[in-house]
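Novice: As a plain string of letters, each chain reads:
Protein chains: 2
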Amino acid sequence: MDFGPARLRVESGADEEGGSSVGRKPKKQDRVVVALGGNALLRPGEAPTLASQVGNARRAMRALVPLVESGKSLVLTHGNGFQVGNILVRVEEALGKAYAIPLEMCVAESQGEIGYLLEQSLQNVLARNGLSRPVVSLLTLVLVDRKDPAFDEPTKPVGPYYGPKRAKELKRHGFPMVNQKGRGWRRVVASPEPVEIDDVDTIETLLQQGIIVIAAGGGGVPVVRKRNGMLEGVPAVIDKDLASGLLATAVGAPRLIILTGERAVFRDYQAKNAKRVPRLTIDEARRMAEDGQFPPGSMGPKVQAAIEFLERGGTDVLITSIAWLGRALGGRGGTWITRSSKRGA
Amino acid sequence: MDFGPARLRVESGADEEGGSSVGRKPKKQDRVVVALGGNALLRPGEAPTLASQVGNARRAMRALVPLVESGKSLVLTHGNGFQVGNILVRVEEALGKAYAIPLEMCVAESQGEIGYLLEQSLQNVLARNGLSRPVVSLLTLVLVDRKDPAFDEPTKPVGPYYGPKRAKELKRHGFPMVNQKGRGWRRVVASPEPVEIDDVDTIETLLQQGIIVIAAGGGGVPVVRKRNGMLEGVPAVIDKDLASGLLATAVGAPRLIILTGERAVFRDYQAKNAKRVPRLTIDEARRMAEDGQFPPGSMGPKVQAAIEFLERGGTDVLITSIAWLGRALGGRGGTWITRSSKRGA
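Taken in order, these protein sequences are the chains called A and B. To convert, count from 1 in the first sequence and add 1461; that's the numbering used here. To convert, count from 1 in the second sequence and add 1461; that's the numbering used here.
Just to be clear, a hint being listed does not mean it is correct.
Here are some chain B residues the structure puts well away from chain A; computed CB gaps all over 12 Å [what the hints assert, rightly or not]:
id : residue
1  : Gly-1499
2  : Ala-1508
3  : Arg-1520
4  : Val-1529
5  : Gly-1532
6  : Met-1566
7  : Arg-1607
8  : Phe-1612
9  : Ala-1628
10 : Leu-1631
11 : Gly-1643
12 : Gln-1754
13 : Ser-1782
14 : Gly-1791
Cβ pair distances, simulated, as ranges [to be verified]:
id : chain 1 : residue 1 : chain 2 : residue 2 : range
15 : A       : Val-1656  : B       : Val-1526  : 25 to 35 Å
16 : B       : Arg-1644  : A       : Gln-1731  : 51 to 61 Å
17 : B       : Lys-1489  : A       : Gly-1774  : 53 to 63 Å
18 : B       : Arg-1688  : A       : Ser-1593  : 11 to 21 Å
19 : A       : Gly-1690  : B       : Ala-1750  : 44 to 54 Å
20 : A       : Thr-1776  : B       : Gly-1591  : 31 to 41 Å
21 : B       : Pro-1739  : A       : Pro-1637  : 56 to 66 Å
22 : B       : Leu-1556  : A       : Pro-1637  : 25 to 35 Å
23 : A       : Thr-1510  : B       : Val-1515  : 27 to 37 Å
24 : A       : Pro-1527  : B       : Met-1691  : 32 to 42 Å
25 : B       : Leu-1556  : A       : Arg-1748  : 45 to 55 Å
26 : B       : Gly-1753  : A       : Pro-1637  : 54 to 64 Å
27 : B       : Gly-1591  : A       : Ser-1593  : 55 to 65 Å
Restricting the straight-line Cα-Cα distance to at most 27 Å, the calculated cross-link-like pairs of lysine-lysine (DSS-like) are [unchecked claim]:
id : chain 1 : residue 1 : chain 2 : residue 2
28 : B       : Lys-1489  : A       : Lys-1486
29 : A       : Lys-1558  : B       : Lys-1486
30 : A       : Lys-1632  : A       : Lys-1642
31 : B       : Lys-1632  : B       : Lys-1608
32 : B       : Lys-1632  : A       : Lys-1558
33 : A       : Lys-1629  : A       : Lys-1617
34 : A       : Lys-1608  : A       : Lys-1632
35 : A       : Lys-1558  : B       : Lys-1642
36 : B       : Lys-1608  : B       : Lys-1626
37 : B       : Lys-1558  : A       : Lys-1626
38 : A       : Lys-1558  : B       : Lys-1629
39 : A       : Lys-1617  : B       : Lys-1558
40 : A       : Lys-1558  : B       : Lys-1617
Just so you know, the hints here were simulated from the structure itself, not pulled from any lab data. All residues carry an ideal CB built from backbone N, CA and C; glycine is no exception.
Isolated chain A (complex conformation) (with noise of 0.2 Å):
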């Protein structure tokens, strides 16, 4: 595609500095990792539809423009249970008239699938802003521990709700299954911790070129190394911000942005005094945490990866929602994680 005047130049003759012709090359104190929540695709209430998506792909693009048109080395990760949800039931639904595939593959496939997505939707926006930045879609490996003690107890519900019967059935299968209070029975799987982004080297790469890129979607691809030093896939999730946080680590970015459907950290989230936190240090976050103020499966991970990541050396996150973006990075929203009382952004 033509990029317009602005191109990017990556021929084997381009000058030395790589990428002179966008007006600087890109600093690596310029990087974000931005997380994007399964909200950002589809909210809660919405029709359960690709139309859906597509609108809400644009609404989320858009969001980021301020940070592509501040100078800002953008990685992009997504998470993907619903989709991968729906790619589940098409594979039930199919078994016997198309092959089945295990979890992994179908992790894959939905990074596929919103991978196009938001690509072509932040080409789009960029382009409509004048905005002149080649955007790549990475399928991602993520390697995890094959001795995670995840695996001994699958914990992370997947894939549609079953009937008692259906659900036997699967157990009878091998297929570890929760009862999900009123709502029906879910297949669980194993969601270990990330331990290593496979393809950091090209994302670094293609960063140095002022490339904006898409990965980890879905937290990764889940593999592991086996005794003999062989890649394996195994049928399980891995923790989108938690993957995010590693790979903001890895390509050495100083912040991380969590996008989600709150626009901020609430204490006493469920109460009718809920506050929002405006900042909070590691120290405070983790007393936080303590307290039982984060549920697991919602905030939690979000602010587990927060703290990882400030731990190991990065210097903020922001969470916050899509709407509220623009005014959080304004210091007039979200909530602001650093490493100690100085504030971030």
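Start from chain A and add chain B according to the hints.
Specialist: Frame of chain A; chain B shown alone:
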């Protein structure tokens, strides 16, 4: 992942040579685009399962080892007919239970699925052979012309075979259908010519760093540029050999290798006295095509892709099978097509 002692360094502080730790800077003249045919992942008569594909992928990737060993810089493309057909079946069987996605998004999913299969398989095969080269799989959009006459006359069959009743229903829903003698009805979609590989700058960047790139799977996700400049997916499929040839030209690869079910191009293919054609010039290939030697949908598009690639400046094209690749590279098999009568290789 750990690529071992020769791991490619691409961090900010990397040396100017960009890859000295792998011994040398990859050269443009060493670039080869290898197009894997559908037969590479599922051969006629094999059980249409994922297990078959996993075994075949490993065999196909092993055949590429000599190319990597000899210092070639690889771009791997692949077909997706069987896999996208199965995705279409899954989408249809789950209608009403999972959201529907259009054909181009099915192609994107198949790029994720097959990209994962090939990337992991190739990484393992290389590691087993003591070779340290990063492998990455890219979601690839390919631009087509919205005025391509193919859109007026869909010809490419996709997806499952239907009975006459279901075929009638689908026809009523606006899907063009074709009756394939005795085997049933199938959807037919447009197969427009590829005009531009959207992600070619990114692929260029990666090749310069010695990274093996898997791209343009299934011929690429077909998109058009609308009058307002925006990209939009179209429900079509692009011939993967034509897209591979275009990609080879775009990255300046002198060589295109098309791996198919046949070990070579044959004269009088259907006849008893079919004879392998060891080498062809563009002119000879064109004459054979005019003689009707290449049926459409099989050897036809491969020879067309070869001719077009050579006309745009390519040096040589090899058409052979995975099993024959080694011998063909040694000049003892396959069909080499070159611009003039001086033999390539």
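Novice: Tell me, in ascending order, the numbers of any earlier hints that this structure violates.
Specialist: Hints 2, 6, 17, 24, 27, 29 and 36 are the ones this structure does not satisfy, whereas the remaining hints hold.
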